[in-house]
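Build out the structure end to end from the sequences listed, making use of the hints.
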Amino acid sequence: MSSLSYQERSLYGSLLVELVVYLPYFFLHGHNSVGKVSLMILAIIVLQIILQSLIAAFTRNRTTDERDKLIQLRGYRAGYFTLASLMVLGLGMLWFHATNGHFPMNGGWVGLHFLSVFFGMLVISDIVKTVTQIVAYRRAL
Amino acid sequence: MPSIRNQIRELRGARGMTQQELADRIGLTRQTVIAIEQDKYSPSLETAFKVALVFGVPLEQVFQYEPKGKR
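Going down the list, the sequences are from chains A and B.
Letter by letter, the first sequence follows residues -9 to 131 of the working numbering.
Letter by letter, the second sequence follows residues 3 to 73 of the working numbering.
Since the hints were made in silico from the structure, they are not lab data.
Computed from a predicted structure; not experimentally measured.
Just so you know, not all the hints are guaranteed correct.
Label-pair restraints from in silico Cβ distances [stated by the list, open to error]:
no.: 1; chain 1: B; residue 1: Glu23; chain 2: A; residue 2: Leu102; range: 56 to 62 Å
no.: 2; chain 1: A; residue 1: Phe109; chain 2: B; residue 2: Leu55; range: 47 to 53 Å
no.: 3; chain 1: B; residue 1: Glu23; chain 2: A; residue 2: Ile31; range: 41 to 47 Å
no.: 4; chain 1: A; residue 1: Lys59; chain 2: B; residue 2: Arg17; range: 27 to 33 Å
no.: 5; chain 1: A; residue 1: Tyr15; chain 2: B; residue 2: Tyr67; range: 45 to 51 Å
no.: 6; chain 1: B; residue 1: Gln9; chain 2: A; residue 2: Phe86; range: 56 to 62 Å
Chain A is nowhere near these chain B residues, computed Cβ spacing over 10 Å in every case [unchecked claim]:
no.: 7; residue: Arg7
no.: 8; residue: Gln9
no.: 9; residue: Leu13
no.: 10; residue: Arg32
no.: 11; residue: Ala54
no.: 12; residue: Gly58
no.: 13; residue: Leu61
no.: 14; residue: Glu62
no.: 15; residue: Val64
no.: 16; residue: Phe65
no.: 17; residue: Gln66
In this text, a Cβ means the ideal position worked out from N, Cα and C, and glycines have one as well.
In structure tokens:
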């Protein structure tokens, strides 16, 4: 770990928190509720603050430079493309299932389903962003 | 193969300077200095000038541009 820069440590921390908090979302999808999702969002905020504070406290050199910014941009670009692609795919599937009568076109039901799928897309794109940045650091860009 | 090559490792070695010392003097992280030395990352023009200034040599002695297909 000593060879890792502050940014890399921070990214590994973020990935750990994302996986620990978000994975239940995918595996317990059938039992999700608005309350559980709200709790998950709160948990990720609190855990991120605690973990990032610890990483900052135990890292003496917290310099960031032009390469860090470039890698950050690459991560955001990958995350954006993932989100945009999943959005098109998700809306297409929603339309397909709705028009084929797989579920009733009830306003509330469709709204909840869309919210759930949209949250899943945000989670996946966030993980893609973090992983892209870690890979860029490991490959030295 | 990268089209921008550099002599940072040689210039740094000749002056007995560590990667961390060079990084501190030009405001980069040690990991970025490593990436530049390995020709995996081409720094900005400003950073390139800073590196040349630290070594006290002209820019072209530190960085060389070789257009692709010329080698």
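Checked hints:
no. : hint                           : verdict
1   : B:Glu23 / A:Leu102: 56 to 62 Å : 58 Å, holds
2   : A:Phe109 / B:Leu55: 47 to 53 Å : 50 Å, holds
3   : B:Glu23 / A:Ile31: 41 to 47 Å  : 44 Å, holds
4   : A:Lys59 / B:Arg17: 27 to 33 Å  : 28 Å, holds
5   : A:Tyr15 / B:Tyr67: 45 to 51 Å  : 49 Å, holds
6   : B:Gln9 / A:Phe86: 56 to 62 Å   : 59 Å, holds
7   : Arg7                           : 16 Å, holds
8   : Gln9                           : 18 Å, holds
9   : Leu13                          : 20 Å, holds
10  : Arg32                          : 8 Å, violated
11  : Ala54                          : 16 Å, holds
12  : Gly58                          : 22 Å, holds
13  : Leu61                          : 17 Å, holds
14  : Glu62                          : 21 Å, holds
15  : Val64                          : 17 Å, holds
16  : Phe65                          : 15 Å, holds
17  : Gln66                          : 20 Å, holds
In this structure, only the earlier hint numbered 10 is contradicted, and the remaining ones agree with it.
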